[in-house]
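Trainee: Line order of the protein sequences matches chains A and B.
1459 is the number of the first residue of the first sequence in this note's numbering; add one for each residue after it.
1459 is the number of the first residue of the second sequence in this note's numbering; add one for each residue after it.
Hints listed in this document are in silico derivations from the structure and should not be mistaken for laboratory results.
Any given hint could be a false lead.
Intra- or inter-copy, both count: the list cannot distinguish identical chains.
[To be verified] Each computed DSSO-like pair below joins lysine-lysine, with the alpha-carbon atoms no more than 27 Å apart: (1) K1732 with K1772; (2) K1752 with K1732; (3) K1466 with K1752; (4) K1714 with K1752; (5) K1684 with K1665; (6) K1719 with K1583; (7) K1732 with K1719.
The lines below spell out each chain.
Number of protein chains: 2
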Amino acid sequence: MIEDVFIKKLFDNDRRSVARSISIVERNNSESAELLKNIFANVGNAYRIGITGPPGAGKSTITNQLTKFLRKQGKTVGIIAVDPTSPFTGGALLGDRVRMSDIGQDNGVFIRSMATRGSLGGLSKKAVDAADVLDSAGYDFVIMETVGVGQSELDIAQAADTTIVVLVPESGDAVQAMKAGLMEIADFFVLNKSDRPGAQQASAALKTILAMRGHDEHSWMPNIIKSIASENKGIPEINDEINRHKDYLIKTEKFKLNREKRMRVRIKELVEEKLRSELWSESRENSLNLSLEKVVTGNLSPYHIAEELLVNFKNQI
Amino acid sequence: MIEDVFIKKLFDNDRRSVARSISIVERNNSESAELLKNIFANVGNAYRIGITGPPGAGKSTITNQLTKFLRKQGKTVGIIAVDPTSPFTGGALLGDRVRMSDIGQDNGVFIRSMATRGSLGGLSKKAVDAADVLDSAGYDFVIMETVGVGQSELDIAQAADTTIVVLVPESGDAVQAMKAGLMEIADFFVLNKSDRPGAQQASAALKTILAMRGHDEHSWMPNIIKSIASENKGIPEINDEINRHKDYLIKTEKFKLNREKRMRVRIKELVEEKLRSELWSESRENSLNLSLEKVVTGNLSPYHIAEELLVNFKNQI
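The task is simple: from the sequences and hints, build the whole structure.
Mentor: Given below as structure tokens:
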């Protein structure tokens, strides 16, 4: 049972309530669902930025510098650092420490790391829910930072208004990014560490690939912004490009359409979750368990069992 | 419509039919579902081995050498190499070429790489379906090789009879693997490149972590096998450990129980998939689309819409 006074404190951006709320959505249980329902009316005012790219590209440093830049303009920033690959990159842990020492003491900034650490699965859902929490607490910007590796960064990109893909010159990332479908999710690219050898070629390669995609005069053409985040170079340009993209989204109504698309996914999830919980009642779980041995020994087809369970559900609904 | 003659050729291990069948399950559409239903009766005879670990640990080389070893014993081997991280590791591409030159010409071996390449999502389901195809075609062993990064390797481990986690001495992988929950999925570890400095310490660290987990006398205690796969050292020991684990599974009935557990997941998926397709009829999709604008402008709650859609579905079922 979540009390009104707790929600009120969250909306007032009480730091302890924000932290506790994120812990609640991380559990992804009935309490999380109740919390999300209670905060919904206050969600939707933050501008959401997704930052993704390979390990070591400098995502954390860019997040750090961009946050400082936004703070100087009087904006507040909530940050969710997601590290779905954590087994072997250790990104979240390191990134955390770098950031904490720098912007972590600022009251206009809230940082939360979410890594797998033994509890794999559903991480991107939890990250998006945590973004909702920060949104409801009134942060002007919510930055979701994630290592680009598979489904997670797609989910994060879908939840962001503007998605930035960070690459570095030397890794041949452009071609890999294209293969992985990252070209499709980037609203713009940041070529970080652009003082390193190969920056010119990497930028040219990216441009060639982007040109190959083709686009008409009304569609958005992703730019390539060069930065050296560790020296704080290129950050105003990144901020400008975010604003340019935001203006484009608003002018073309895509801002609204994208949010509708996200809401559509969310509502479908809500319906399916509810239906699933009714479907797998104790008695149907038991009936499934009793059939399993016959299926494994080949005496019954799983398709037959599935059909029976479905008919049973429909009759009892 | 899948013809009986095609299924017959697949069961006879006609290479072209096997390749085409995997392409069909990769599409993950109604034709895939039909194919899986048609092959089901012939699935369940292959022994399934999952091989996972960080990029560069030598998974492909071990798969290669283990396959050659099994071939010498007259066994046939189907291989699914999954690379969910492909954006920045390029693992599948490279691994493919290494293997193809070596064992790819052998008629008793079938190799298929599955990487994300622009179509992210559902990769592990497709990989497990592809394993079913190879199983139905009569391969004695099916090896599923995947980079350990998040949900995918858990799905693969769940679909394997024996899961091997490959680590190397220098990377501090043991501690990372523990954090990521890989300790829980390993039936045994292979410490590859064990001639490198730090092998002794890495092995000791792994043993300490494993001992910390604790286990009673009846439960399985994962061993650590040392190998230098590039010099073909340690492969018979890996094979022995697979057999020892297989014997343990059969003796304790876990072999059967694990397969029942897998079938349980599969049947649930079948029921939910069917239900979902009935739920999202054209008319309900339309009704959802019409409500979206009101939700985004804050005039309607998504929870209210979800409830309405659910009631509508229940009334019309």
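Trainee: If a hint holds in the structure, say so; if it does not, say that too.
Mentor: Evaluation of the provided hints:
no.	hint	in the structure
1	K1732 with K1772	both (15 Å within a copy, 12 Å between copies)
2	K1752 with K1732	between (30 Å within a copy, 22 Å between copies)
3	K1466 with K1752	between (54 Å within a copy, 25 Å between copies)
4	K1714 with K1752	between (52 Å within a copy, 11 Å between copies)
5	K1684 with K1665	within (13 Å within a copy, 46 Å between copies)
6	K1719 with K1583	both (16 Å within a copy, 25 Å between copies)
7	K1732 with K1719	both (20 Å within a copy, 23 Å between copies)
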